[in-house]
Amino acid sequence: MSTIHQSRGERIFRIVNILILTAISVLFLLPFLTVLTTSFVSSQEYTQRGPFILFPHHFDIGAYKMLLFQGAAVLNAYKITLLRTILGTTLQLLVTALLAYGLSKADLPGRRLIISLLVFVIVFPVQIIPLFLLNKSLGIIDSFWSLIFPRLVNTQYVFIMMAFFRQIPVSLEESAKIDGANYIDVFFRIILPLSLPAFATIGLFYAVWQWNDWFDAAMFIIDAAKLPVQNLMRTVVLSSTMAEVMTPGQSPPPGEAIKGAMIIISTLPILLAYPFVQKYFVKGFMIGSVKG
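In this note's numbering, the protein residues as written are 155 to 446.
Since the hints were made in silico from the structure, they are not lab data. This one's a predicted model, so the numbers in the text were calculated from it and none came from an experiment. No false leads were mixed into what you were given.
The calculated lysine to any residue pairs, modelled on SDA-like cross-linking and capped at a C-alpha distance of 25 Å, are:
| no. | residue 1 | residue 2 |
| --- | --- | --- |
| 1 | K259 | I276 |
| 2 | K290 | Q384 |
| 3 | K219 | P185 |
Input sequences plus hints: build the corresponding full structure.
Encoded structure:
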């Protein structure tokens, strides 16, 4: 078995690259690791060692117990956010894909006008007042649907998916039409299976946005019981020090531990979902950049 011999300069270059990339990785991971370890800090250790604790002496899960087992609001917010992410992402993908598929056809009537309107929306994005008036006219203020309907389409993703659809050979669609398939059959039976990388990539973007967004709920939701987890996390981060003062009996987890635990709880689902779509994400990341 032959081996590749590297020169001294190549070995030094490789070692320097590894060291630089390792240092960059540590810089990116350090804030998250700090939040993670802080969430396991007890009140006593926090008082003794201060706010920055990278390696706790004793791991305390009191903050997680407080949020998950003594806080029904957290579980309710989790259910709302999970439903919003699944339903919202599904509808966004469906509407985006159908719009992009139609616009990928050069013979679509009014295609230039629709594309011009989409470009106009990108240059001049919709502000909060039109969104509020839209929700009010639909009668969905303080409703779960106010988190779904106004944001069904991201115009940038429409153009990305449209570029992907235009790379699919037209001969596949023509063959299906000869066999009697209509546009709906072609889309769901041919285009959709061939577009999994695009759907996975854009679906991940949509899902991350749906999971992390708090602004729409802050603007359109009045009942606190209907708020998603990100809004609850914002409330916890802003008022966790008050929880320390108001909790009777045993010393509660420190405010920083509660904040850290809430951040980990709200971030974990996205981190767990990413490995399952990574292979599609890598394939679809360069959508539209190379044409053959």
